[in-house]
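Mind docking chains E and U on chain P? Use the hints.
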Amino acid sequence: MYRTTDILTSSTSGDMVINVGPQHPATHGVLHLVITLNGETIKKIEPHLGYIHRSIEKMCESLTYRQFIYVTSRMDYLSAHINNHACALCVEKGLQIEVPPRAQVVRVILDELTRIASHELWWGAMAMDLGAFTPFFHAFREREMINEIMEETCGARLTMNYIVPGGVMMDIHPNFQKKIKEFIVLYKQKINEYHELVTGNVIFENRMKNIGTLTAEQVISYGCSGPVARGSGVKSDIRKLYPYEIYDKLDFEEALETGGDSYARYLIRMREMEQSIKIIEQLVDNIPDGDFQAKTKAVLKLPKGEFYTSVETARGELGVYIVSEGGTTPYRIKFRSPGFSNLSILNDMVKGGKIGDLIAAMGTLDLVIPDIDR
Amino acid sequence: MMNEELKNLISELLPTAVFEEGNEWLGVNVEPQDWLAFAQQLSNNDLLKFDSLFCLTCVDWKTHLTMVYHLRSTHFRHHLVVKSKLDRNKAEIETVSHIWRTAEFHEREVYEMFGVNFLNHPDLRLLILPDGWEGKNPLRKDFEDPVNMIKL
Amino acid sequence: MWSFSNIANEIHTWLSSQLPPIWATIVEMVIAGVAVIGLFAILGLVLVIMERKVAAWIQIRLGPNRVGPKGMFQSMADTVKLLVKEGMTPNGADKLMFNVAPFIAMIVAMLLMAPIGFAKDFQLWDLNIGVLYITAISSISVIGILMAGWASNNKYSLLGAMRSGAQIVSYELSAGLAILTIIVLTGSLQLSDIVQAQADGWWIFKGHLPVIIAFLIFITAVTAETNRAPFDLAEAESELTAGFHTEYSGMKFALFFLAEYINVFIVCAIGATLFLGGWMPFHIGNWEGFNHVMDYIPSSVWFFGKTFFLIFVIMWFRWTFPRLRIDQLLNLEWKYLLPISMINLLLVTLIAILGWHF
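Chains P, E and U are the protein sequences, given in the same order. All residue numbers for the first sequence refer to our numbering, where the first residue is -15 and numbers rise by one. All residue numbers for the second sequence refer to our numbering, where the first residue is 4 and numbers rise by one. All residue numbers for the third sequence refer to our numbering, where the first residue is 8 and numbers rise by one.
Pulled out of the complex, with its shape left as it was, chain P reads as follows (with noise of 0.2 Å):
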């Protein structure tokens, strides 16, 4: 309907114009991208957004603060959780709340657990788009997993809406644990499959090495973050550098890899993976007792002022910005949401490659489009 007429007709200069969305099936959404080609190579990418803009920041305004939390479920809805959790804790900041530990911890084995079936569903996507199917559906097998284990205890499967400011909305379920545990098991003997399947094919490292390559400086300028930063060498692990809630007692690692191509992001991406199921072992047999929600009052106000928190997301840093005016519900709220900053980077990374190229460097920005229209 909108933006055709300049799009449609060639230009004079021989090049061929061509709409990638926003319905394509390597867009994984509504994202639309105009890209200008000469033969096989490209010449320019241009993104148009907006197909699924909701102005959630809008909506916001008019939300309480115990309200606003589940919005944003609908932004990443595949680390729907941890935008929760991001939103929380900002709310948590303005009113000094103090979260008990229980709540703490169900809080980050959750995240971990989210951050890893984002990456499956993920690696399934990414290897779809080079073109083999088999992976989506193996990587399915074990999301599945993970998605029982948040019905049991959330009542959702991807937009869980289990966190209330202070805590979280109910205990766990008496299964939890043991599902969690046989999940581990499960996902150790996987993840080799993965490998296999994927990781050492020759096809697959042709397509993936010295593809979209970025150096630490665009990474910086550009504002990335997540795996696509950390693909360049940046660190930029928002749980090891600003820690938030148990994180600095946690013995994890940061993956890192210096290569910077699209090869590196998915190393990186396969390796949290692992360090997630090694943050969720130290605390699967470690929930401590208590209370699962901290007293709070029924009205929330924040206090005049501003409140800016972070969190990892499984694609990067969420940031989220309030302005209080001091009333029930946030001024201005702002979420700087990852892929927003990462989808910037694409026609830097890549600009000259072939098409299948920008298939497979947008695949490893793992893009999810109602986090970048939001």
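Derived by calculation from the structure, the hints in this document are not laboratory data. From the three backbone atoms N, C-alpha and C, an ideal C-beta is built for every residue, glycine too. Incorrect hints may have been included.
[To be verified] If you only want the chain E side, here are some residues facing chain P, beta carbon under 8 Å, derived:
1. Asp54
2. Phe57
3. His73
4. Thr77
5. Trp103
6. Arg104
7. Thr105
8. Glu107
9. Leu127
10. Leu130
11. Asn140
12. Leu142
Below, chains E and U without anything else, positioned relative to chain P:
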């Protein structure tokens, strides 16, 4: 670097800066016309090295607009929040997209959502809103959309 | 013993006794045509269901299991759906070319069926240049794809068609060279001669390492020639949505789809004939007893068994490997496969001249 040291350094660079304390990170208020030169100093100064602009947004205060830049140094790990008051009817500020490339997209978003005109921006077009969008800027407080907006 | 050739001979004798010779020939031709079309339909249905079952097996799921016993009629139901669907022609398309393209793809596949020996003495047309005929006709298939891509007036289709053109033309070379190794060893272009030459063992066992290399190159090249993953760049779902047949729907799409599967069957049949002995049972040198036991298995079972094994291998490729990029695809052909197959051909020639093969 602690906020106190940062404050001293910055007041040397920009004597007119007005500081804002009490939050987690140091806040600086600058005049829009000083912003570009100040931004260049922030990113180039060897003791500051603010190389990452991790959040760029705008707040509509009904009487004026405030640009908010969250800066971080990946080297020293210190933060700075720069704010700049803009006239609501003629909101103009220099772009910083050549200093921090991420600003290009964020400024385009602020341009359409708040109607801030970024001078010398390489490609100031609508990013999220549909082409030919006419009317007010959605994230301003006086924006009303009787059709699509749900009042809660 | 019951066999295809006996049935054919009986029909021939019966017709000759009933009709004048010219009419007998015409009736036989009609019967052969109907049989080929019937085989097409059956092959299409069988291969589609086979592909879906193989994919499901590799992807740890069940696959179609609702229509008929174990979902065996699923592809029939799909065919009915495609038949009753509207075959749209886009407004900006070149209407004639757009509508003719799927038929070209189909006719090429049909023509290729002629020289294939399905069983002992059961062949539509045993022409003396059988292998040459196959390589010549299979090159035409690229025209159908180029026509489809060009006429669709769609940029994705055009890109897909251009990729396919580059791909098929280049991979034909190494497929042809791989075929040549067998011709060098056999000394004949006639498919029945080639099969007969493998009476004391299949070429893949008799021809030492060079024939094994040629076989691997052949399988790679024909996978590329039939646009199957990992060489499915012409369709490249995640890149070009559906490549050259983006704009096709209904039966016109089904014809492309069918042609793809028939082509897979044909290249596998050729591979089986050249390298694995065609309908020839598994024989070892002069082990008379063993060879005699093997002869009890009907020749058609041998032929279809080998062919379907190769088809399975090609399906296995598809569901395991990621796709190559266009320049990597062409690099693979021009920088690796082509030089290797040239040297390989020299080696085979040497072996054939010196008589080193078994």
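Quiz item: Holds or violated: Leu130 of chain E as interface residue toward chain P, Cβ cutoff 8 Å?
Solution: 6 Å, holds
Quiz item: With 8 Å as the cut and Cβ atoms as the points, is Glu107 of chain E at the interface with chain P?
Solution: OK, holds: Glu107 of chain E within 8 Å of chain P, min 7 Å.
Self-check item: Closest C-beta approach of His73 of chain E to chain P relative to 8 Å, hint status
Solution: Given a least distance of 7 Å, the restraint on His73 of chain E holds.
Quiz item: Taking 8 Å as the limit, does the beta-carbon of Trp103 of chain E come near enough to a beta-carbon in chain P?
Solution: Check passed: Cβ of Trp103 of chain E comes within 6 Å of chain P, closer than 8 Å.
Quiz prompt | Minimum beta-carbon distance criterion (8 Å), Arg104 of chain E to chain P | solution = 4 Å, holds
Self-check item: Given hint Phe57 of chain E near chain P, where the shortest CB pair must fall under 8 Å
Solution: OK, holds: Phe57 of chain E within 8 Å of chain P, min 6 Å.
Quiz item: Does the CB of Thr105 of chain E sit less than 8 Å away from some CB of chain P?
Solution: It holds, given that the least Cβ distance between Thr105 of chain E and chain P is near 3 Å, below 8 Å.
Self-check item: Supplied contact hint for Thr77 of chain E, tested at 8 Å Cβ to chain P
Solution: Holds. Min distance 6 Å.
Quiz prompt | Interface hint compliance - Leu142 of chain E to chain P, C-beta minimum distance less than 8 Å | solution = 6 Å, holds
Practice problem: Tell me if Asp54 of chain E is really an interface residue toward chain P, meaning its C-beta lies closer than 8 Å to one of theirs. | Solution: 5 Å, holds
Exercise. Using 8 Å as the Cβ threshold, decide whether Asn140 of chain E counts as touching chain P.
Key: Since the shortest Cβ distance to chain P is 11 Å, the answer is violated.
Self-check item: Satisfaction of the Leu127 of chain E interface hint, Cβ to chain P closer than 8 Å
Solution: 14 Å, violated
In this structure, the earlier hints numbered 9 and 11 are contradicted, and the remaining ones agree with it.
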